[in-house]
Amino acid sequence: MAGLGPPARTLRALLRELRYLSAASDRPYKDTAAYRYLVEAFRAHRVTSEKLCRAQHELHFQAATYLCLLRSTRNHVTLHQEFHGKGERSVEETADVVGLKLPQQPGGKGWEP
Amino acid sequence: MWRSCFRLGAGGASFPRRPCLVPAAPVEPGDQAAPAPGLWLLRRAYAPPAGGYEINLDHRKLKTPNAKLFTVPSEALAVAVATEWDSQQDTIKFYTMHLTTLCNTSLDNPTQRNKDQLIQASMKFLDTDTICYRVEEPETLVELQKNEWDPIIEWAENRYNVKIGSSTNIMGPDIPAKTKETFMSLLASYNMWALQGIEFVVTQLKSMVLSLGLIDRHLTVEKAVLLSRLEEEYQIQKWGNVEWAHDYELQELRARTAAGTLFVHLCSESSTVKHKLLQE
Numbered sequence: 001m002a003g004l005g006p007p008a009r010t011l012r013a014l015l016r017e018l019r020y021l022s023a024a025s026d027r028p029y030k031d032t033a034a035y036r037y038l039v040e041a042f043r044a045h046r047v048t049s050e051k052l053c054r055a056q057h058e059l060h061f062q063a064a065t066y067l068c069l070l071r072s073t074r075n076h077v078t079l080h081q082e083f084h085g086k087g088e089r090s091v092e093e094t095a096d097v098v099g100l101k102l103p104q105q106p107g108g109k110g111w112e113p
Numbered sequence: 114m115w116r117s118c119f120r121l122g123a124g125g126a127s128f129p130r131r132p133c134l135v136p137a138a139p140v141e142p143g144d145q146a147a148p149a150p151g152l153w154l155l156r157r158a159y160a161p162p163a164g165g166y167e168i169n170l171d172h173r174k175l176k177t178p179n180a181k182l183f184t185v186p187s188e189a190l191a192v193a194v195a196t197e198w199d200s201q202q203d204t205i206k207f208y209t210m211h212l213t214t215l216c217n218t219s220l221d222n223p224t225q226r227n228k229d230q231l232i233q234a235s236m237k238f239l240d241t242d243t244i245c246y247r248v249e250e251p252e253t254l255v256e257l258q259k260n261e262w263d264p265i266i267e268w269a270e271n272r273y274n275v276k277i278g279s280s281t282n283i284m285g286p287d288i289p290a291k292t293k294e295t296f297m298s299l300l301a302s303y304n305m306w307a308l309q310g311i312e313f314v315v316t317q318l319k320s321m322v323l324s325l326g327l328i329d330r331h332l333t334v335e336k337a338v339l340l341s342r343l344e345e346e347y348q349i350q351k352w353g354n355v356e357w358a359h360d361y362e363l364q365e366l367r368a369r370t371a372a373g374t375l376f377v378h379l380c381s382e383s384s385t386v387k388h389k390l391l392q393e
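As you go down the protein sequences, you meet chains C and P in turn. For the first sequence, counting from 1, position 54 maps to 54 in our numbering; every step adds exactly one. For the second sequence, counting from 1, position 164 maps to 277 in our numbering; every step adds exactly one.
In short, the hints are calculated from the structure, not lab data. Each hint should be verified, as a subset may be incorrect.
What the hints assert, rightly or not - Simulated restraints, written as ranges between beta carbons of each label pair:
hint: 1; chain 1: P; residue 1: Q202; chain 2: C; residue 2: F83; range: 36 to 44 Å
hint: 2; chain 1: P; residue 1: Q202; chain 2: C; residue 2: S90; range: 23 to 31 Å
hint: 3; chain 1: P; residue 1: K276; chain 2: C; residue 2: P28; range: 49 to 57 Å
hint: 4; chain 1: P; residue 1: D229; chain 2: C; residue 2: P28; range: 43 to 51 Å
hint: 5; chain 1: C; residue 1: G110; chain 2: P; residue 2: T316; range: 51 to 59 Å
hint: 6; chain 1: C; residue 1: P28; chain 2: P; residue 2: S280; range: 52 to 60 Å
hint: 7; chain 1: C; residue 1: L4; chain 2: P; residue 2: R272; range: 12 to 20 Å
hint: 8; chain 1: C; residue 1: T94; chain 2: P; residue 2: M297; range: 35 to 43 Å
The C-beta atom is built at its ideal place from N, Cα and C for all residues, glycine as well.
Bound-form chain C, shown alone (with noise of 0.2 Å):
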């Protein structure tokens, strides 16, 4: 079986997660309608620790799945935005890795308006 640990934990991290989405947006996490189905499925189907209902096995895995989910779709974006997310340099910036200075042409090139 999967070592999915309590579902206290399971819930408490996806409540997380969804305050760091909502951390952008002005509206407080509690108002999604995220965090309104998650609570109220975990409190109807009352997610224990007891291993002995197959439903709520199935529930908290489907809540772990998600967590996973929102956790590195997080992760993803972060580090995209760390290494990947600078673009292009621009042509001043190339110029002056390889030590060059662009040309300046106080009249302006000829053909420029």
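Start from chain C and add chain P according to the hints.
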């Protein structure tokens, strides 16, 4: 800022529909800049289920890339998709919205595959299943593969009453036809939506057996991804971790696998509380 909400699907029309702007163009894939925050209104609405669930983005109905109306059979799935849209800020990063992508694929079926073709596509991975395809050296890796992968094969053999086995042969393991038949009939018991999800997971993990473990809730997503990347993890432990490559791929693989697994479970669950509207 996006504000997502739910609406009753096109199934019933038993109560008046809210007038709603039809967007001029469907939401196209690719990065787009969202308009200024002041333009989007805060709107919340929730209707009890009686058909498929739609997603509204600020008065506009969400549509698939092929301009079909976006309807999902499961409420949980609709909540998750709406959360994905809600988490987009200045730009819409479609590469992070895995559930939306899966729903779009299921609704549009752009490759026009029928059920058999989907099953065939998934079964193809069994012949070169990652956890059946072993190396012969280095010794520690052979040991690791045996310790980590053998239990999963054993579990699958017991659970589905088949023979799988593993091999170091370059041609891959020799999977008996009866095993393939069993798995094919197992896959055939899922509906089209769930099959899209299964095929997605199998493609990500490059292993049919690991996907079955996930679908059967025997493995967690993290564990399945770890097992799929076993050799890579071994090399990382030996030579070191490169964050911008290894971690990046790990997180992306985890996200995709988690999305696929969740999609399969949400599309194939049945309960007396929820209604199902399946579009084949």
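Results of checking the hints against the structure:
{"no.": "1", "hint": "P:Q202 - C:F83: 36 to 44 Å", "verdict": "19 Å, violated"}
{"no.": "2", "hint": "P:Q202 - C:S90: 23 to 31 Å", "verdict": "24 Å, holds"}
{"no.": "3", "hint": "P:K276 - C:P28: 49 to 57 Å", "verdict": "55 Å, holds"}
{"no.": "4", "hint": "P:D229 - C:P28: 43 to 51 Å", "verdict": "48 Å, holds"}
{"no.": "5", "hint": "C:G110 - P:T316: 51 to 59 Å", "verdict": "56 Å, holds"}
{"no.": "6", "hint": "C:P28 - P:S280: 52 to 60 Å", "verdict": "55 Å, holds"}
{"no.": "7", "hint": "C:L4 - P:R272: 12 to 20 Å", "verdict": "19 Å, holds"}
{"no.": "8", "hint": "C:T94 - P:M297: 35 to 43 Å", "verdict": "55 Å, violated"}
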